[in-house]
Structure formats: C-alpha cells, structure tokens
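Q: For the sequence shown, position 203 (counting from the first letter as 1) is numbered 203 according to UniProt numbering, and the numbering increases by one without interruption.
Since the hints were derived computationally from the structure, they do not count as laboratory data. Remember, it's a predicted structure, so these values are computed and weren't measured experimentally. Glycine included, each C-beta is placed from N, C-alpha and C at the ideal position. There could be a bad hint or two in this list.
Beta-carbon label-pair distances, calculated as ranges [as the list claims (entries may be wrong)]:
1) 40 with 63: 22 to 32 Å
2) 137 with 178: 33 to 43 Å
3) 184 with 162: 18 to 28 Å
4) 92 with 135: 52 to 62 Å
5) 92 with 41: 21 to 31 Å
6) 23 with 226: 38 to 48 Å
7) 184 with 15: 11 to 21 Å
8) 204 with 40: 18 to 28 Å
9) 233 with 40: 34 to 44 Å
10) 55 with 122: 23 to 33 Å
11) 242 with 63: 21 to 31 Å
12) 92 with 226: 34 to 44 Å
13) 16 with 116: 19 to 29 Å
For lysine-lysine, the following DSS-like pairs were computed, each having C-alpha atoms within a straight-line distance of at most 27 Å [to be verified]:
14) 251 with 16
15) 241 with 219
16) 34 with 251
17) 121 with 138
18) 16 with 34
19) 37 with 16
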Amino acid sequence: MEISDLFWNASLDELKRGYIQEKASYTCLLCGEKVEKGVVYTYNNVLYEAERYMRIHIERTHQSVFEYLIGMDKRLTGLTDHQNQLLQLFFQGKSDKEVQQEMGIGSTSTIRHHRFALKEKERQAKVFLTMMELLKEKDEYAPAFIAPHQTAKMVDERYDIIEEEQEKILTKFFTEGPNLVLKKFPPKEKQRLIVLREIATQIEGERAYDEKAINQLLKAIYEDYAMIRRYLIEYGFLDRKPDGSQYWLKK
1 MEISDLFWNA SLDELKRGYI QEKASYTCLL CGEKVEKGVV YTYNNVLYEA ERYMRIHIER
61 THQSVFEYLI GMDKRLTGLT DHQNQLLQLF FQGKSDKEVQ QEMGIGSTST IRHHRFALKE
121 KERQAKVFLT MMELLKEKDE YAPAFIAPHQ TAKMVDERYD IIEEEQEKIL TKFFTEGPNL
181 VLKKFPPKEK QRLIVLREIA TQIEGERAYD EKAINQLLKA IYEDYAMIRR YLIEYGFLDR
241 KPDGSQYWLK K
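Go ahead and model the full structure; you've got the sequences and the hints to work with.
A: Here's what the structure looks like:
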C-alpha cells in the first residue's frame, strides 16, 4: 500500500501522532519511514525503543505533525491562506494581541472572531466526517477513489480517479512484464497523473539521486527521460536542488 493510501485511511488518532502501528513495525504516515519493533535505536548516544524512536523521527524529519499538515496544499486542507497563517501563529502559542500585531489586522476582538470561526469550522468538519462514515455503511454504489498524493501541488478534477479507471490506463500505457516500461506518454492530464504516479513508485524514498542516476532510472522506463523528469517535478512527485545536482522523491 502506498504511503498516500496509509495516510488517507488512517484514523484521526493515528494522524495526530503521525504514525501507525503494524504487526512488526511502526510506519510514519508522513514519509513512509519504518521502525522495526524489538529493535533498540540510537540517537545522540541515547538508546530508544522503537515507538519512542518513531516520535523522534517525526520531530527530526518533519518538525511536527502539525507543521507537516499545515504545509499541505490548501485544496487538501480546506484552509485559506489567511486561516493557514492564523493557525500557525496560534500553534506557536501567540496571544491574540501578538497575532493581531504580527498580522497587522483589526484588533484583539478581530482575532477572537477568527478563533470562533475556526471553532465553527471544526464543528462542521466533525459533523461532516460523521455523516461520511455513516454513508459508507449504506452507499453500496460508491466508487473506490484513488487518494491524491500528499505532495500534490494543486488538487482538481484530474484527481477524480477510481481504481478501475486507473487499472485500465496503466494497462493501456505500460507494457506487460516485470519491468516498468512506458509505451507512450499520455496526451490527457488525468492519464498523465496516473502514469506519473506509477513511475514515482520506482524511485527509492530515502535516496538522493544525482542527475546521471535519475536519468538512468527514468530512461529505462521511457526514452524521453528529461520530459518525464520535468513532469514528475511539475506534478509534485519529485524534488531537486536548484542546480539540478540532486533529485529525490518528494514527501
């Protein structure tokens, strides 16, 4: 299961702590890092059991679950830029007066009003989430949608993808066989998204590739590797240093 699937299928409590517990390991919902149970890990010359070490991983790699979530695309969080900034300042422990001064808006009563509006949004979200959970028990015709990847730059109608549709597109554009080989690059946006997502599964999550290495990997999949590389970056699957000296799977 891809990390995006683990993320979107996680419970609220699992999302809050940023990892899930599996039979033999703990898995970070933010990047897919696994920590094996029964293993003692060392950090700064201190020994930690697996679950504590997973929490250290989240702090060290992602700062916090909040920092990771607030940095997601606003089409995924449902927040405006204004609400995003407010939440960040509240999370930092700023008082209403400090928030008002930093943002340069209204008065402290204005900030209290924003707090109230965010609380209303929370209540609405709880009601909506409960209704959707109840709907799952009754809606036998609901299609199985593919969750958007967490690093998507802009979530729109291209992400309206169901499992059956994805399977047809993968079969159409990739050859059969043990190795992933692209027959041709799709002309339509949604098809491109599905194809690029599949190609991204071939990139090792914890590895930084130099330009030659990433080119070799992509060239084995499709002859126009430079185009594939460019689209992987454009669609938020791949990231790189400004000078192009290193590439890595975006998390």
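Q: Hint by hint, note whether the structure agrees.
A: Hints versus structure:
1. 40 with 63: 22 to 32 Å: holds, 25 Å
2. 137 with 178: 33 to 43 Å: About 40 Å separates the Cβ atoms of residue 137 and residue 178, which means 33 to 43 Å holds.
3. 184 with 162: 18 to 28 Å: Holds - the Cβ-Cβ distance for residue 184 and residue 162, about 23 Å, lies within 18 to 28 Å.
4. 92 with 135: 52 to 62 Å: violated, 37 Å
5. 92 with 41: 21 to 31 Å: Holds - the Cβ-Cβ distance for residue 92 and residue 41, about 30 Å, lies within 21 to 31 Å.
6. 23 with 226: 38 to 48 Å: holds, 42 Å
7. 184 with 15: 11 to 21 Å: violated, 38 Å
8. 204 with 40: 18 to 28 Å: Taking Cβ atoms as reference, residue 204 and residue 40 lie about 25 Å apart, which means the hint holds.
9. 233 with 40: 34 to 44 Å: Holds: the Cβ-Cβ distance is about 39 Å, inside 34 to 44 Å.
10. 55 with 122: 23 to 33 Å: holds, 25 Å
11. 242 with 63: 21 to 31 Å: 22 Å Cβ-Cβ, so the 21 to 31 Å window holds.
12. 92 with 226: 34 to 44 Å: Given a distance of about 42 Å, which is inside 34 to 44 Å, the answer is holds.
13. 16 with 116: 19 to 29 Å: holds, 23 Å
14. 251 with 16: Distance of about 17 Å is within 27 Å: holds.
15. 241 with 219: Given that 27 Å is the threshold and the Cα spacing comes to 20 Å, the pair holds.
16. 34 with 251: holds, 14 Å
17. 121 with 138: holds, 26 Å
18. 16 with 34: It holds: about 17 Å lies between the C-alpha atoms, which stays within 27 Å.
19. 37 with 16: holds, 21 Å
Hints 4 and 7 from the earlier list are contradicted by this structure; the remaining hints agree with it.
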